[in-house]
Amino acid sequence: MEPLLIWSALILSLPFLAHEPKTTVILLDNESSHNAVVVKTDVGSVIVDQPYSYTTLVAQDKQPSSVEKADPEAIHEKYAQQLNMLPTKPVSMLFHFEPGTADLTESSKNQVDELIQLISSREPAAVDIIGHSDRAGDADKNYLLALERAKMVEKYLLEHNVKLDRSSVTSYGENDPIIPTEDGVSEPQNRRVEVIVR
Amino acid sequence: MKSLIIMLGFVLLAWGSQPVAFIKNVQGNAIVQHDNIPHAIQKGEHIFSGDSIQTAKNTTIGVSFNDGTRIAIGPESVFIIDDYIFAPSQKDFHFNVTLPRGTIVFESGKIGKLAPEKVTIKVPQGIIGIRGTKFIVEAE
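Chain order of the listed sequences is A and Y.
Take the first sequence: its position 28, counting from 1, is numbered 28 in the numbering used here, and each next residue is one higher.
Take the second sequence: its position 32, counting from 1, is numbered 32 in the numbering used here, and each next residue is one higher.
Among the hints, a few may not be true.
To be verified - What the simulated footprint calls covered on chain A by chain Y, stretch by stretch (three residues with Cβ under 8 Å from a Cβ of chain Y suffice, anywhere in the stretch; the number is not a length):
#, region
1, 21-31
2, 57-68
3, 73-86
4, 106-113
5, 166-176
As the list claims (entries may be wrong) - Think about it this way: if two alpha-carbon atoms lie no more than 27 Å apart in a straight line, the pair counts; the simulated DSS-like pairs of lysine-lysine are:
#, chain 1, residue 1, chain 2, residue 2
6, A, Lys89, Y, Lys43
7, Y, Lys122, A, Lys40
8, Y, Lys91, A, Lys141
9, Y, Lys43, A, Lys155
10, A, Lys78, Y, Lys122
11, A, Lys40, Y, Lys118
12, A, Lys141, A, Lys109
13, Y, Lys122, A, Lys89
14, A, Lys89, A, Lys151
15, Y, Lys118, Y, Lys91
16, A, Lys89, A, Lys163
17, A, Lys62, Y, Lys91
18, Y, Lys43, A, Lys163
19, Y, Lys91, A, Lys78
20, A, Lys69, Y, Lys122
21, A, Lys109, A, Lys163
22, A, Lys163, A, Lys151
What the hints assert, rightly or not - Derived CB-CB ranges, DEER-like:
#, chain 1, residue 1, chain 2, residue 2, range
23, A, Thr181, Y, Lys91, 15 to 23 Å
24, Y, Lys91, A, Gly100, 21 to 29 Å
25, A, Glu68, Y, Ser17, 41 to 49 Å
26, A, Ser186, Y, Asn36, 21 to 29 Å
27, Y, Gln18, A, Gly184, 34 to 42 Å
28, A, Asp61, Y, Asn58, 31 to 39 Å
29, Y, Asp82, A, Asp29, 22 to 30 Å
Just so you know, the hints here were simulated from the structure itself, not pulled from any lab data.
If you're wondering where the values come from, they're calculated on a predicted model, not measured in any experiment.
For each residue, glycine too, the CB sits at the ideal point set by N, CA and C.
Bound conformation, chain Y alone (with noise of 0.2 Å):
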């Protein structure tokens, strides 16, 4: 039993520091904060849920998400990725950003497709989402 619950904590452990995401590419400096560590950012790392990146001047980072979610970054922006999970064997989806200040395109993968409405990206005065679950179904 004992080994069961140790065995259950690391499970949960490896499923907490599951990657969401990887930096395709980068053009200029940025910052990652991981577990509220800054380090400058590398093409090709994995990014987490609840990392934040912040960019420089005339720097632009491209960010692929696990689902299929695209995102460019541009100057002097900070984006967070508040949760993020894409599970889609349990239909487990979350979406949640928020750009307080910067610019970014955001071009939405399978999560947009199979649960938009758990697509959010907030900024200082208001939210964006996705628009209605029962269109994309018809869609399809």
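Isolated chain A (complex conformation) (with noise of 0.2 Å):
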């Protein structure tokens, strides 16, 4: 489960020690189509949209330089204390719900213990849990219901004494489907909380 869409990534690096000052930002890979920044100083812009290319700044009042391209290895190299510190991506997992309750289904339930040896193997972790409901019912009660099923993770997780120093309870209701129904319409798919861990 990776719903967390990982958008663009880059370095950017201001060696102030050099006499003249300037900064470089340079695109890493983040194996997605769709990895772009925009780097812009008072007097014009440049888009670095390739991998491994980079441009550089040298003053406000300069255009930034037109984007290069840097060896990937070099770049590894340089920077590899940051890359290796840079925390890894969020891991998410869904829980479903029987209809109209904030009970688990059967296989849901066998999934918790798995939960919760993810959140050990990542401490220090911040945990999401996020609560969601179909259209079955009203809005108002489905918001309430989406909580109730947020909150009964939370205190599995707290009874089974997992550390929530770092830890968000909310709801979005039937606001936010994996598949969009119609109102009043019962989806096995909706009712479920995303428990996300950082």
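Got two chains here, separate frames each, mind docking them using the hints?
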């Protein structure tokens, strides 16, 4: 499960000791075709949209340099420490519920241990618990039902001694379906809690 | 009525102090300025909109934001979170940061996907943004 699309990845480097201060912006490869940055000064802008291409800024009243290509290996070597310390991508898990209740489905119950392990493997971790409902029934009640589902997952984690020092519990009600439906429709995929572990 | 106003006040107060990120990785030494009071950085600590992070030599810090954006701050850097809001249910997104000096590696998260025009990184000579919303919506 990987709903977090990574949009842009880049390195910014300001070697302030150089006698002429400048900023270099290097686009990285985020394994997505949607990776581009716009770099602007007061007098112009360039788009960097190819991995390992870069532009340099020397002053606010000068144009950004034209985009040039860097050697990927040299970039990875020069910035190895920062690249290693970049936190790993958040991981997300989905738990499904019986209609109109905060009761986990049997198959989702079996996945809770996996979540507990995931959280402990990523300490210090932040855990975002987001409740959702389908569109069967009233929207306001669905907001509360989705919240109840999220709180149920939180309670379960706390009962299993999972530290939730950096957690949030929220409800999107019926407003963020995986499968969009007409109002009043019961949809198992939408009756869910998403847990994002960062 | 009075109690409602007081309650609203508390809600606003609580909202203003919501953490926006936390320190995921620490290698070396860094100072966090929070409410203009500096303290030594600690792994796992919360970071708030308005905070700044200053790193020492041979130091790298990994920061994880609420929307999934991740940043590694390199040695001898100053990184300021000018304005950060991630409130998807209100469709309210701000990601404005400044790097007066030093190095960061940046990998964008949900704000970069949902509202790329709200992401800016200021540097002394200019400003960096993430490209066009239409392109991104189409990609989804």
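Against the structure, the hints:
{"no.": "1", "hint": "21-31", "result": "holds (count 6)"}
{"no.": "2", "hint": "57-68", "result": "holds (count 6)"}
{"no.": "3", "hint": "73-86", "result": "holds (count 7)"}
{"no.": "4", "hint": "106-113", "result": "violated (count 0)"}
{"no.": "5", "hint": "166-176", "result": "holds (count 5)"}
{"no.": "6", "hint": "A:Lys89 to Y:Lys43", "result": "holds, 18 Å"}
{"no.": "7", "hint": "Y:Lys122 to A:Lys40", "result": "holds, 10 Å"}
{"no.": "8", "hint": "Y:Lys91 to A:Lys141", "result": "holds, 21 Å"}
{"no.": "9", "hint": "Y:Lys43 to A:Lys155", "result": "holds, 26 Å"}
{"no.": "10", "hint": "A:Lys78 to Y:Lys122", "result": "holds, 23 Å"}
{"no.": "11", "hint": "A:Lys40 to Y:Lys118", "result": "holds, 15 Å"}
{"no.": "12", "hint": "A:Lys141 to A:Lys109", "result": "holds, 24 Å"}
{"no.": "13", "hint": "Y:Lys122 to A:Lys89", "result": "holds, 24 Å"}
{"no.": "14", "hint": "A:Lys89 to A:Lys151", "result": "holds, 25 Å"}
{"no.": "15", "hint": "Y:Lys118 to Y:Lys91", "result": "holds, 11 Å"}
{"no.": "16", "hint": "A:Lys89 to A:Lys163", "result": "holds, 20 Å"}
{"no.": "17", "hint": "A:Lys62 to Y:Lys91", "result": "violated, 36 Å"}
{"no.": "18", "hint": "Y:Lys43 to A:Lys163", "result": "holds, 15 Å"}
{"no.": "19", "hint": "Y:Lys91 to A:Lys78", "result": "violated, 38 Å"}
{"no.": "20", "hint": "A:Lys69 to Y:Lys122", "result": "holds, 23 Å"}
{"no.": "21", "hint": "A:Lys109 to A:Lys163", "result": "holds, 20 Å"}
{"no.": "22", "hint": "A:Lys163 to A:Lys151", "result": "holds, 15 Å"}
{"no.": "23", "hint": "A:Thr181 to Y:Lys91: 15 to 23 Å", "result": "holds, 21 Å"}
{"no.": "24", "hint": "Y:Lys91 to A:Gly100: 21 to 29 Å", "result": "holds, 28 Å"}
{"no.": "25", "hint": "A:Glu68 to Y:Ser17: 41 to 49 Å", "result": "holds, 44 Å"}
{"no.": "26", "hint": "A:Ser186 to Y:Asn36: 21 to 29 Å", "result": "violated, 53 Å"}
{"no.": "27", "hint": "Y:Gln18 to A:Gly184: 34 to 42 Å", "result": "holds, 35 Å"}
{"no.": "28", "hint": "A:Asp61 to Y:Asn58: 31 to 39 Å", "result": "holds, 35 Å"}
{"no.": "29", "hint": "Y:Asp82 to A:Asp29: 22 to 30 Å", "result": "holds, 28 Å"}
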